[in-house]
Amino acid sequence: MARTANRSKQTHLVLAALLERPSAWRHGYDLAKQTGLKSGTLYPLLIRLTEQGMLAEDWEESDLPGRPPRHVYRLSAAGVKAARAILKDAHPAVAATLRVAKASR
Amino acid sequence: MTHMRRALRRLADAVARFAARVMPLARQRWALAACHELHAIADDRAALRWALGALRTACAARWQSLRLLDRLSVRWSAAALLLCCGLTVIFPTLLTLAFRLHSTPLLEALGRMTPGDDWQHFVPLMLQLPGWLHALLLAAGLCYVVGTLSMLRRRSAAAIAVLIGVLLNFAAETLGRAVISPADVVVHDPSVLAQVILPAALPLLLSLAARPKHEV
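Chains A and B supply the protein sequences, listed in that same order.
The opening residue of the first sequence carries number 107 in my numbering; numbering runs sequentially from there.
The opening residue of the second sequence carries number -14 in my numbering; numbering runs sequentially from there.
Only true hints are included.
Covered, in the sense of this in silico footprint (three residues per stretch, anywhere, with C-beta under 8 Å from a C-beta of chain A), are these stretches of chain B:
1. 8 to 15
2. 24 to 31
3. 41 to 51
In the EDC-like style, the derived pairs of lysine to aspartate or glutamate whose C-alpha atoms are separated by at most 20 Å in a straight line are:
4. A:K139 - B:D29
5. A:K144 - B:D29
6. A:K139 - B:D28
7. A:K144 - B:D(-2)
It is worth saying that the hints were derived from the structure and are not from the lab.
Using N, Cα and C, we set each Cβ at its ideal position, and we do this for glycine too.
Please take these sequences and the hints and turn them into a complete structure.
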């Protein structure tokens, strides 16, 4: 039987964080801080969601001189719909984790 | 303290640059993305942790890009290797079963696979092996078979099944040595390759060579 993708708690955390402000571009480190995920977990998720067409990505020039551009992400239109559908059945622990991460920032 | 911080930051930069080199070309921008984020991380330890995570991602992507099990020949070779490991694990049980059933042709056939081609050397050992040890060995062998079938279907469960098989086999060997009196029997010490390298490498390779989640 084929496994259903995007069912992990980590994926739910990322989708919930992105869904808070769906039109805003987000940086990887900000997402990591908000979700409490490490980069080794976050980037494979971002890669997967992008390859599934759920995420849009872009490069943002830094305001500070000499700094390299930063990669930014936001949900695509299809991603917003899919994320809402996925998170409808999400575990309540996802919302709690996001709240704790937000409070500790 | 400043030296330490500077060293940590330099190490983080070096690790992130290395991650960018390891990452397959098609996903290079993701390694660069993680690399560029380092400038936004003020804490040096956090920066190093971030870079190590990026390296982990790059290594996993590189392994997956190798597509080790995509070739049918590689898959079947790996299946043959896994089944050989499974057969080695249940060999003492098979030999003992043939001995208890007085099946001389089977004993002689199995005996030809033993050092010196003589199963009779192992009679004292077969008489000492307790039933629970055979049960453990059979369970380990079954795990290898399940691992082989999962591997042929390119499921990540293959790695878990083989890992359980390796652990059960290790437990059986350790407990077996404790209950067998060494004076009466000849027990050959297995090689480092058979005892350490293969058991550690197989589950790792299988887990890394499994089909990526989104393709399942």
